[in-house]
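**Q** Residue strings, one per chain:
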Amino acid sequence: MATLNGADFVALFQAIAQMIERERDHLSALDGVIGDGDHGVTMSIGFQAVDKVLANEASGRTPADICMLAAKTFLNAVGASVGPLYATALMRAGAAVKGKSDVGAEDVADIIAAMAAGIEHRGKAEPGQKTMVDAWHPAAEAALGAKAGGSLKDITAAAADAGRAGAEATGSMVAGKGRSANLGDRAVGHIDPGAASAAMILDTIAQWASERAD
Amino acid sequence: MSPAPKVKKLLNDPDNAVDEMLEGILLAHPDHLVMSDEHHRAIIAKHGPRPGKVGLVIGGGSGHEPTFVGFVGRGLADAAAIGNVFASPPPDPAIACAKAASGGEGVLFMYGNYAGDVMNFDMATEMLAMDDIEARTVLTTDDVAVENLERRRGVAGNFFIFKAAGAACDKMLSFDECERIARKANAHTFTMGVGLTACSLPQTRVPSFELGPEEMEIGLGIHGEPGVRKGPLDTADAVTDEIVDKIFAEMDPEPGEEVAVLVNSLGATPLMELYIVNRRLNQRLKDRDISVHASWVGPYCTSLDMSGMSITLHRLDGELTGLLDHPCDCAMFRAGQ
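Taken in sequence, the protein lines are chains A and B. The first sequence: position 119 = 119 (the working numbering), numbered continuously. The number in the working numbering is simply the position in the second sequence, starting from 1, with 1000 added.
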């Protein structure tokens, strides 16, 4: 079975940073419809900073240390609301695999679940409120559901599929949190940008995993 | 979505816009402002913080200048934590501000009620507790366009709310008193705005929301968040009336009351239009037998290059009038003697 080390995690963050860069203006445009129009820019600033720091300081670190370093870097580059949310998610991800130099498929399921729990805790949000939780929560359930005996590829694909469906479902929701919460029915018909970027991240994780799976 | 033409802006690398702006601000206001040694996004009043005084730290995203950094100075805020454009600062600059502002009597964090700001400043508060600095938060929620009270945003009325709190701190009042006054000033401040054209972020240079050529958006937020309703552009008097009606409904003023007035440009709307609005606003106030103690007309809380304006009424009583008239000397704002 494939295991993943620190270098694999650096490659994952690099892939996420490249994906966000490609999607930056699209995500900002989604946010412009129901929010303040900066989501793509904010995510780009955060993951560019992570990519730069990891390129210089990541060598020889464990996956947990890399997640912690990414968390601090992302938080201080970004602030905003995604800063504390993803920083908390990444700290929980690091805590889930603390001390391990290599992680396996089951650990990746735990990482995805820990990230979702961290986001829900920090944002005090629940599924159904038209936020990134609507992608992360079902992704975590799907990852844990596929965990027993599942391959890295199966687990991450299940999470990505559930995340994508969750993000799409935000289109029909009235927002209960965040800036779009003041819009009432006017936000209906538009996908939440935080959920959209979450689904893209989960998709990037699945692609990364499929390139490494046996 | 059809590609929009890029909005023209004077920039270098857009990712450096906030830091280059701060550099320019510090060079323009060396007698008022200094950068914290601990964080380059923490701007401190040169003559504000002192032992025995409650510290006042304000902050939020960039793009609203002169809010927040322009209101740092003796008699108003001791420090401002600066975020990226329209994005809350992370905890680190807020912590650096609090340490610089602390006179041993506690620190007030005051900022607009946005989810990101609340999370970042709350994380800063937790971290400061480990250094034995007590920080308390008073959120500003003056935007009456939002019906749900818990979700009300802090917008241009920050100006009056920070002013009252800053004066209370400068008068060396106790932590409890400063906090009480900050909450009271917030409860006495009512704002609503209208957007005419969208702003654009330095990094994207495309309008951040869509508004038709003859359309306006009533109740728009200061980051371009959609408001109460979109409709055809109307006259200055009609728009002023709609906003004033909403503010009066919320505030329910008695004849004989006194207010301070802010007619604020969101960035691109010129003084000519603001004064036309102020004319109608004063007619409406006079009709209700409300007198105006003081007026400010101009760009005080902007939204980059958005065109549009907001009206704020600050309901005065003996205590708040005294605090409003208390002198302050900031980089971009002076009041009193």
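Among the clues, some could well be false.
Taking lysine-lysine pairs in the DSBU-like style, the calculated list, with each CA pair at most 35 Å apart, reads [unchecked claim]:
1) B:1184 with B:1171
2) A:124 with A:100
3) B:1286 with B:1171
4) B:1230 with B:1246
5) A:98 with B:1230
6) A:177 with B:1184
7) B:1230 with A:124
8) A:177 with B:1286
9) B:1006 with B:1046
10) A:147 with B:1006
11) A:72 with B:1171
12) A:52 with B:1008
13) A:177 with B:1009
14) A:124 with A:52
15) B:1286 with A:72
16) B:1230 with B:1286
17) B:1006 with A:52
18) B:1171 with A:177
19) A:177 with A:147
20) A:177 with A:98
21) A:147 with A:72
For the record, the hints were derived by calculation from the structure and aren't laboratory data.
**Q** None of the hints should be skipped; say for each whether it holds.
**A** Here is what the structure says about each hint:
no.: 1; hint: B:1184 with B:1171; verdict: 17 Å, holds
no.: 2; hint: A:124 with A:100; verdict: 30 Å, holds
no.: 3; hint: B:1286 with B:1171; verdict: 33 Å, holds
no.: 4; hint: B:1230 with B:1246; verdict: 16 Å, holds
no.: 5; hint: A:98 with B:1230; verdict: 52 Å, violated
no.: 6; hint: A:177 with B:1184; verdict: 26 Å, holds
no.: 7; hint: B:1230 with A:124; verdict: 31 Å, holds
no.: 8; hint: A:177 with B:1286; verdict: 40 Å, violated
no.: 9; hint: B:1006 with B:1046; verdict: 39 Å, violated
no.: 10; hint: A:147 with B:1006; verdict: 47 Å, violated
no.: 11; hint: A:72 with B:1171; verdict: 38 Å, violated
no.: 12; hint: A:52 with B:1008; verdict: 29 Å, holds
no.: 13; hint: A:177 with B:1009; verdict: 33 Å, holds
no.: 14; hint: A:124 with A:52; verdict: 31 Å, holds
no.: 15; hint: B:1286 with A:72; verdict: 55 Å, violated
no.: 16; hint: B:1230 with B:1286; verdict: 29 Å, holds
no.: 17; hint: B:1006 with A:52; verdict: 28 Å, holds
no.: 18; hint: B:1171 with A:177; verdict: 38 Å, violated
no.: 19; hint: A:177 with A:147; verdict: 31 Å, holds
no.: 20; hint: A:177 with A:98; verdict: 32 Å, holds
no.: 21; hint: A:147 with A:72; verdict: 28 Å, holds
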